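J.: Use the sequences and the hints to build the structure in full.
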Amino acid sequence: MSAESERAAPCYTRGLELATQVGNELEAAHLRFRIAANMAMRGETDAAWPLLEEALHEARRLGTPLGESQALGFLVERAYREGDLDLAVELALESAGLAHEVGWTWWEAGQLETVAELERERGNLDAAER
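Here our numbering is used: the first residue of the sequence shown is 3, the next is one more, and so on.
Hints were generated in silico from the structure; no laboratory data involved. These figures come from a predicted structure and were not determined experimentally. Among these hints, one or two may not hold up.
DEER-style ranges, computed between Cβ atoms [to be verified]:
| # | residue 1 | residue 2 | range |
| --- | --- | --- | --- |
| 1 | E19 | D128 | 48 to 58 Å |
| 2 | D88 | W108 | 17 to 27 Å |
| 3 | G112 | L20 | 27 to 37 Å |
| 4 | L28 | G85 | 28 to 38 Å |
| 5 | R124 | R9 | 21 to 31 Å |
Beta carbons: idealized from backbone N, C-alpha and C, even for Gly.
T.: Structure (structure tokens):
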């Protein structure tokens with residue numbers, strides 16, 4: 003349902019209710035992230051950013067590098083929109099590193115592509131080529 007954010011939203015909410023009912027903390031944390039990410043993808047960024055920050059802290063607390071990598075990847079966009087390209091690069095590199103650790107090559111490649119685009123935008127072509 004990733005391409006259908008509007009339809010996915012209530013499914014994530016219902017999934018969170020069920021995960022909470024059965025006491026599945028890891029799945030509940032993942033679904034809280036999905037809800038926040040879905041909000042960001044639908045343009046509800048003012049509400050999504052704090053939830054993504056919470057998802058990042060929760061992923062770190064639970065020791066889930068995949069969740070941490072995802073939350074960092076979404077927070078890159080916030081840093082970019084706020085004009086903080088240094089932070090955006092830092093977050094994308096951290097996200098890519100975590101994705102590498104867990105073998106999530108697709109996400110790692112996407113984050114490294116983001117770094118290259120940001121470095122190009124900053125005029126740092128040598129870094130963009132790396």
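J.: Taking the hints in turn, state whether each one holds.
T.: Outcome of the hint check:
1. E19 x D128: 48 to 58 Å: 50 Å Cβ-Cβ, so the 48 to 58 Å window holds.
2. D88 x W108: 17 to 27 Å: Cβ of D88 to Cβ of W108: about 26 Å, so the range 17 to 27 Å holds.
3. G112 x L20: 27 to 37 Å: 30 Å, holds
4. L28 x G85: 28 to 38 Å: The hinted range 28 to 38 Å holds for L28 and G85, with Cβ atoms some 35 Å apart.
5. R124 x R9: 21 to 31 Å: 37 Å, violated
Comparing the model with each numbered hint stated earlier shows that hint 5 is the single one that does not hold.
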